[in-house]
Amino acid sequence: DTAVSQTPKYLVTQMGNDKSIKCEQNLGHDTMYWYKQDSKKFLKIMFSYNNKELIINETVPNRFSPKSPDKAHLNLHINSLELGDSAVYFCASSRQTSRSGELFFGEGSRLTVL
Amino acid sequence: GQSLEQPSEVTAVEGAIVQINCTYQTSGFYGLSWYQQHDGGAPTFLSYNALDGLEETGRFSSFLSRSDSYGYLLLQELQMKDSASYFCAVRPEGTALIFGKGTTLSVSS
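Protein chains in written order, with my numbering: chain A, 6 to 119; chain B, 39 to 147.
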């Protein structure tokens, strides 16, 4: 059983389109995250939800809209895709306000915008 | 603001020992974490240091000095499969875990 699963794994689309990535975790964690990893492997926090409530929004363009229908799911919708959105998007989860620094990552969704 | 500095690349041979250093500047500090990421894979948690000193887990050890805002990851008896990127990370006040830019470790035979 995969702990944190994301779909789709690969996404190739044209500029201007809208796309969504879905994430689910079966670890019973309260907190979920979206990270973006660019071509230089820099991992940057985008959003965090705790028990369906948005708690972190790190100056991400409002074309990006996360949604958490329940604490086991966190989706990411991106409007009007731009070339610079090409990256690997990682979903992660942790226990509530985990201070151990231990996040559980999904396998990533590689988005390519043409 | 917050920042983490680590070397961009390290090379070593099988069987050797390698140390990857990390210095950090952050507002609020709970501890230093280390992650491993193979090409095309997900970051996976390796270790966490909340207090000063050395934590050992098998071939990998991690060290923290809070007074120096410094830590390192020590990898012993290197194997080819250890070739990967290694990230240090901290969780500042009010935000999620932030990562260094990663160190690419290449292990050759």
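These aren't lab readings, by the way, just hints derived from the structure by calculation.
Take these hints with a grain of salt, some might be off.
Once the Cα atoms are required to be at most 20 Å apart in a straight line, the calculated PhoX-like pairs of lysine-lysine come out as [said to hold, decoys possible]:
id, chain 1, residue 1, chain 2, residue 2
1, B, Lys-119, A, Lys-41
2, A, Lys-24, A, Lys-72
3, A, Lys-76, B, Lys-139
4, A, Lys-45, A, Lys-72
5, A, Lys-46, A, Lys-76
6, A, Lys-45, A, Lys-76
7, A, Lys-57, A, Lys-14
8, A, Lys-14, A, Lys-72
9, A, Lys-49, B, Lys-119
10, A, Lys-27, B, Lys-139
11, A, Lys-27, A, Lys-57
12, A, Lys-24, A, Lys-45
Non-conforming hints, listed in increasing numerical order: Hints 1, 3, 4, 5, 6, 7, 9, 10, 12 not satisfied by this model.
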